[in-house]
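Visitor: For reference, the chains in residue letters:
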Amino acid sequence: MNLKLKIWRQKNANDKGAFESYDVSDVSPDMSFLEMLDVLNEDLSRDGKDPVHFDHDCREGICGMCSLYINGKPHGPKDAVTTCQLHMRSFKDGDIIVIEPWRASAFPVHKDLVVDRSSFDRIIQAGGYVNVNTGGVPDANEIAIPKTIADQAMDAAQCIGCGACVAACKNASAMLFTAAKVSQLALLPQGQTERHTRVERMVAQMEEEGFGNCTNTGACSAVCPKEIGQEHIARLNREYIGAKAASDNV
Amino acid sequence: MALDSKIPEGPLADKWTSHKFKSKLVNPANKRKYDIIVVGTGLAGASAAASFGELGYNVKSFCFQDSPRRAHSIAAQGGINAAKNYQNDGDSVFRLFYDTIKGGDYRGREANIHRLAEVSVNIIDQCVAQGVPFARDYGGLLDNRSFGGAQVSRTFYARGQTGQQLLLGAYSALSRQVATGKVKLYARTEMLDVVIIDGQARGIVTRNLITGEIESHSAHAVVLATGGYGNVFFLSTNAMGSNVTAAWRAHKKGAFFGNPCYTQIHPTCIPVSGDHQSKLTLMSESLRNDGRIWVPKEAVKGLKAADAAKIAEEDRDYYLERKYPAFGNLVPRDVASRNAKQMCDAGKGVGATGLAVFLDFSDAIKRDGLETIKGKYGNLFDMYQQITGDNPYEMPMMIYPAVHYTMGGLWVDYNLMTSVPGLYAAGEANFSDHGANRLGASALMQGLADGYFVLPYTIGDYLANMPYDKIPTDHEAFQTAEKEVKDRIQKLLSINGTKTVDDFHKELGHIMWEHCGMARNAEGLKLAKEKIKALREEFWKNVKVLGDNEEMNMSLEKANRVADFIELGELMVDDAFNRRESCGGHFREESQTPEGEALRIDDEFSYVAAWEYQGEGQDAKLHKEELEFENVKLTQRSYK
Amino acid sequence: MSWFTQSISGTIGKKLLMSLTGLFLILFLVIHLAGNLQLLAGDGGKAFNIYAYNMAHNPLIKFVSYGNFFFILVHIIDGIILTRQNKSARKVKYAVSTNDSKSSWASKNMALLGIIILVFIIAHLAGFWYKFKNGSLADVVYDGVTYPNGYEVVSFAFSQPLYAGFYVICMVFLGFHLSHGFSSAFQTLGLNHKKYTPFIKKLGVLYSILVAAGFAIIPIVMYLKG
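Protein chains in written order, with full-length UniProt numbering: chain S, 1 to 250; chain A, 1 to 640; chain L, 1 to 226.
By construction, these hints were calculated from the structure, which means they are not laboratory data.
A virtual CB, placed ideally from N, CA and C, is assigned to each residue, including glycine.
Any given hint might turn out to be false.
Calculated cross-link-like contacts (lysine to aspartate or glutamate; reagent style DMTMM-like; alpha-carbon spacing at most 20 Å) [claimed, not checked]:
id, chain 1, residue 1, chain 2, residue 2
1, L, 102, S, 231
2, L, 201, S, 231
3, L, 194, S, 151
4, L, 194, S, 227
5, S, 147, A, 628
6, L, 87, S, 142
7, A, 376, S, 151
8, A, 6, A, 628
With beta-carbon atoms standing in for the labels, derived distance ranges [to be verified]:
id, chain 1, residue 1, chain 2, residue 2, range
9, S, 138, A, 490, 18 to 28 Å
10, A, 542, S, 135, 48 to 58 Å
11, A, 10, S, 135, 18 to 28 Å
12, S, 189, A, 89, 25 to 35 Å
13, A, 472, S, 189, 28 to 38 Å
14, L, 3, A, 181, 43 to 53 Å
15, L, 206, S, 79, 26 to 36 Å
16, L, 221, A, 375, 52 to 62 Å
17, S, 135, A, 24, 15 to 25 Å
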């Protein structure tokens, strides 16, 4: 099939950037979306033009590096998949595809479609861990964890940190990302000791990074490749309110 | 230079304990005087950097991705082995050791592997304490499954995303150290050279992938945890960015490369669909627990999965069940892969390309019901359908082997130190624990063992003998290395040829897969060597790399990596040529049993091949580390 | 109480204020509607006028009404701050607007709906509340007691098609605002449970329809009655 692409091009963080149009032909429905871009880039390179820069790595939907806001939706039209797992059979001949980078003040553009998501790392650094050193920990089976709790924690822990939640949210809020980690550790017994401090610090860092506020539209869960649900944001709210009311941190 | 593996004296089970006791310690107050560089943030790198930080060392941690959490360890699906014996089914440290050394076709080091089995139990404890949500049974205790042909259930897992959960655990420990300031993180930064001063590794040269800036970093020791080199085949299950550059540049600076030809080909991957293919997707090996592998007895050209049902039961060849009645579809990876290739070579392959075999769940669905199968493999089936467009609930999957893991890597001694003092290699980047074939669920175990429980001990022993003095990065050795890196980049940018980097990479991949893939022979390897040499020459005359250094430039990044892959490819071919036996993932057609199984030649090849770089265009020099087996008896692996 | 101000000025704190004030207003609307429905009693406004008088002279109700104004104010100011922050969290907009069928229109347009409702409230206060308050109403006598005749003002207003139409349309917007606000308030409080949340969501929709329809039916009936 033949497609028309409108892709955001921006030389670097200081460049203003603009859309450019490209025609790609003979696209096979078995190609992944990123392979279609590979083909475009090979053609551009042969013509001596700068290839389109985009983030990607594992190409099996788990590393969270690929992004792309495709025709108004992070990771494209299919639910519960990342861009790298999106295949061209989801499009049809003659389609116009508009590709934009994630847009958020907390995700500045590096180049073309590549954005800086280090704000996510800093949110985790603020408290997304259990304070244990290597060694000196109890036997793994010392604490039984009910299967339902472990399963819920796993639901949250599946977050791949891609940032689609922020990209989809009309407020560019990072609540779902933050909630996923807070929720995972709040559910597990290992996370209890630092429960209050963790949520206070992570939310404070999230605010500092300049993400917007959650207005419960649910757009984040709708585009999440791992389908992380709104109940985790509710748990984050609960944890935060509880921590603010009860913690010793004045 | 003679190879000294530094394996401790004493009985196997006591070696590690006595070695830890004999290792020198660095006084807690002095640890802050030492700087350690860790390159790579996968399981080995992140866990090592975090553990060093906890001990009090100053750590600099590097990754080329935008965040440490992206490292390709994240993609491991199946699980992690540990000799916990929670299932009371006869597992033990010795059995895990035995299975690993046998699985590696007796080409691994006894002492290393036993240590791995010993610390495996600590890894699970550590991960659970970090909040890794492993699967649990209804009583709330940890669940295990049997994996990759093991006779005991010793694999811990977190749905089909065990690697992800373990990596996020290590990443969280790393993040904690970043927050304390003990670890400084350099994301989107690629190591391009190691700096050696007075015979010791004292730093690295990096390129900032956003600005192109070339920078030097000085330290007292350098750890490379930079993963495997499967992407030398262009198509593999590795991440697109996985590369050999850090390890290769270290090799060129004196680190020996161990067993480069040992490559693992994973049997259950989604077949190639066309020339546009950029990578191969692995389907978890756990599928073989319920799926039955078959091809038609009589070749049917272009047989589609949708038409598989038309082949009558008696016209199907369930070849693994036929040839290996004891293990059936659960034979080790190398055996399963080789048999798939044999079937396809015999023209019985299915699908449009004829390079695929069926993995059929219809019997399992009949036996256990659709819901049970959905519960076990639902996400894998969905992924398969997403990629291929075929529905595996209604028709068999098509699978074909793909390069998955490289057992070879930088040669290291028992302390995980390479042949360059102060330069360490951990995880998939070293050669040490898997022999000639890695068992399922063992890679995660090794990565975390190296990072959490081995390096923190062994690096202290080295540093305890080091002066505190820091070497400034304006030292001439750093300046020289920086200049070399810059010159090379300038050279790549100035060629302005006609072929893209990917053109060369694909060509290299074809050569490697054809002649140094699942089956190798002397003739093919000789041919491959010639082809690679020619390819290298052409690369440096005719590659087209666009843009400048002083910007984000992915075509330059790739060019740097592919240039190294080409050189590595030649060494792999040399190693495969030298090893005239078959063992594990290395199958030399000249050395097989009458039934077509891999045939080892123990009296000639029971050694680790460690290759020393001899300069541009020169053949590498072979050093042999003889393998001694005192605790296991070498037998022909049999899964019949 | 630095921790307290810091808590409520944070992202979740501000949402908490929206939620709590919103929930209060949700309750207020029920009581307001119950009173207003007496306009339809068909007794020439007797029930409504007596009710309005009693409400205006009960000290507790008076106290609550000040609270009510305060909460409306907090809800508005907080809403403005949140919206401004949300806008600045994405300075460069997407070229293609969100193609998202899963989140409701109302949830994405709460600020717009809020502004419309604010305009309505101002008109409503100027049209009725102000007149009721400063005693510019005619008197009416029931059973020997004199009451201000608010009913007359209302029935006059709703006899005008534009005025009645404006009310009805505003109530539709109010309904949409409530349809998201109701369940959203619970979510912000952290009350999300797979047993109860589906019920809360349904209740929210039912509430929004009933309240909006209840308020809207008054001008319609009164207009038709003439």
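Visitor: Please go over all the hints and tell whether each is borne out by the structure.
Guide: Checked hints:
1. Under the criterion of a C-alpha separation no larger than 20 Å, the hint pairing residue 102 of chain L with residue 231 of chain S is consistent with the structure, at around 16 Å.
2. Among the hinted pairs, residue 201 of chain L with residue 231 of chain S is consistent with the structure: their alpha-carbon atoms are about 13 Å apart, no more than 20 Å.
3. Simply put, residue 194 of chain L and residue 151 of chain S have alpha-carbon atoms about 15 Å apart, close enough for the 20 Å limit, and the pair holds.
4. A hinted pair counts as satisfied when its Cα atoms are at most 20 Å apart, and residue 194 of chain L with residue 227 of chain S qualifies at roughly 16 Å.
5. The suggested pairing of residue 147 of chain S with residue 628 of chain A is violated, with an alpha-carbon distance near 45 Å, which exceeds 20 Å.
6. Among the hinted pairs, residue 87 of chain L with residue 142 of chain S is inconsistent with the structure: their alpha-carbon atoms are about 49 Å apart, more than 20 Å.
7. For the proposed pair residue 376 of chain A and residue 151 of chain S, the alpha carbon gap of about 14 Å is at most 20 Å, so the pair holds.
8. Of the supplied pair hints, the one linking residue 6 of chain A and residue 628 of chain A holds, its CA atoms being roughly 13 Å apart against a limit of 20 Å.
9. Residue 138 of chain S and residue 490 of chain A have their C-beta atoms about 56 Å apart, which leaves the hinted 18 to 28 Å range violated.
10. Look at residue 542 of chain A against residue 135 of chain S: about 53 Å separates their beta carbons, and that is inside 48 to 58 Å.
11. Between residue 10 of chain A and residue 135 of chain S the beta carbons are some 23 Å apart, a value that agrees with the proposed interval 18 to 28 Å.
12. In this structure the hint that residue 189 of chain S and residue 89 of chain A lie 25 to 35 Å apart at CB holds, the actual value being about 27 Å.
13. A C-beta distance of roughly 48 Å is found between residue 472 of chain A and residue 189 of chain S, which places it outside the suggested range of 28 to 38 Å.
14. Checked against the hint of 43 to 53 Å, the C-beta distance between residue 3 of chain L and residue 181 of chain A comes to roughly 26 Å, which is inconsistent with it.
15. Separation of residue 206 of chain L from residue 79 of chain S is about 29 Å and conforms to the stated range, judged on CB atoms against 26 to 36 Å.
16. For the hinted restraint 52 to 62 Å between residue 221 of chain L and residue 375 of chain A, the CB-CB distance of approximately 57 Å keeps it satisfied.
17. For residue 135 of chain S and residue 24 of chain A, the hinted distance range of 15 to 25 Å is satisfied, since their beta carbons lie about 19 Å from each other.
Hints 5, 6, 9, 13 and 14, counting from the list given before, are not met by this structure.
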